[in-house]
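In order, the protein sequences belong to chains C and S.
Residues 1 to 96 in this note's numbering are what the first sequence spells out, letter by letter.
Residues 97 to 188 in this note's numbering are what the second sequence spells out, letter by letter.
Please keep in mind that the hints were generated in silico from the structure rather than gathered at the bench.
Treat the numbers as computed from the prediction; the structure is a model and nothing was measured.
Just so you know, even glycine gets a beta-carbon here, dropped at the ideal spot from N, CA and C.
Misleading hints may appear alongside valid ones.
Unchecked claim - Lysine-lysine pairs mimicking DSS-like chemistry, simulated, CA-CA at most 30 Å apart:
1) K125/S to K92/C
2) K101/S to K92/C
3) K186/S to K167/S
To be verified - Calculated from the model, a selection of chain S residues having no Cβ within reach of chain C, i.e. all distances over 12 Å:
4) L99
5) G135
6) L137
7) L152
8) V179
9) A185
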Amino acid sequence: MLLGKVIGTVVSTQVYEGLQGVPMLLVQPLAKDGAEKGAPVVCADGTRMAGPGELVYYEGGREAAMTLEPWFVPVDHAIVGIVDGVEAPNWKGGPA
Amino acid sequence: MILGKVVGNLHSTINHPFYDGKKMLVVEKIEMDGQTGSGYLVAVDRAGAGPGETVLILDEGNGARQVLESKDGPIRSVIVGIVDEIDVAKTP
């Protein structure tokens with residue numbers, strides 16, 4: 001799993017039938033110290049509670065497809081959880 | 097499996113039910129020269145590792161689900177061991 005910050009939401013009504021009702025959020029991947037790194041990805045929100053500005057951890061690949069109910073929905077990135085805190089020496093990523 | 101160095105703990109209360117009550121650690125990936133680069137990951141701890149320790153990480157879904165005895169848990173990275181020593185033979 002990697003850390004990311006939710007920077008927006010993605011709404012689409014015309015989607016593959018398995019994706020109807022699945023909330024999609026725009027997530028900025030973070031480096032190990034909380035700095036922004038890499039291009040944003042669209043993640044399905046497995047918790048259905050994350051919102052913009054929140055620090056989250058997300059999973060890719062098959063495991064992303066397994067976070068949603070019923071699992072094996074066709075997504076390649078999914079938010080697994082919302083981070084309350086990270087105890088690491090040079091961490092600057094908050095949560096906000 | 098890959099080698100890593102534990103950076104610190106990650107706390108989360110709102111998460112996928114599979115992760116309830118599981119200890120999660122932020123781990124830097126160790127390169128072949130023993131240094132840590134920019135690579136890192138968040139893994140579930142199954143070996144009682146703490147910050148600063150060198151650990152063995154299983155970084156593959158099926159194996160991770162086997163370790164955590166779950167058939168459909170969204171899990172890929174699990175810390176399965178704490179490393180005492182690494183010897184790299186110098187090839188001539």
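Hints, one by one, checked against the model:
no.: 1; hint: K125/S to K92/C; in the structure: holds (19 Å)
no.: 2; hint: K101/S to K92/C; in the structure: holds (19 Å)
no.: 3; hint: K186/S to K167/S; in the structure: violated (42 Å)
no.: 4; hint: L99; in the structure: holds (15 Å)
no.: 5; hint: G135; in the structure: violated (8 Å)
no.: 6; hint: L137; in the structure: violated (6 Å)
no.: 7; hint: L152; in the structure: holds (17 Å)
no.: 8; hint: V179; in the structure: holds (19 Å)
no.: 9; hint: A185; in the structure: holds (30 Å)
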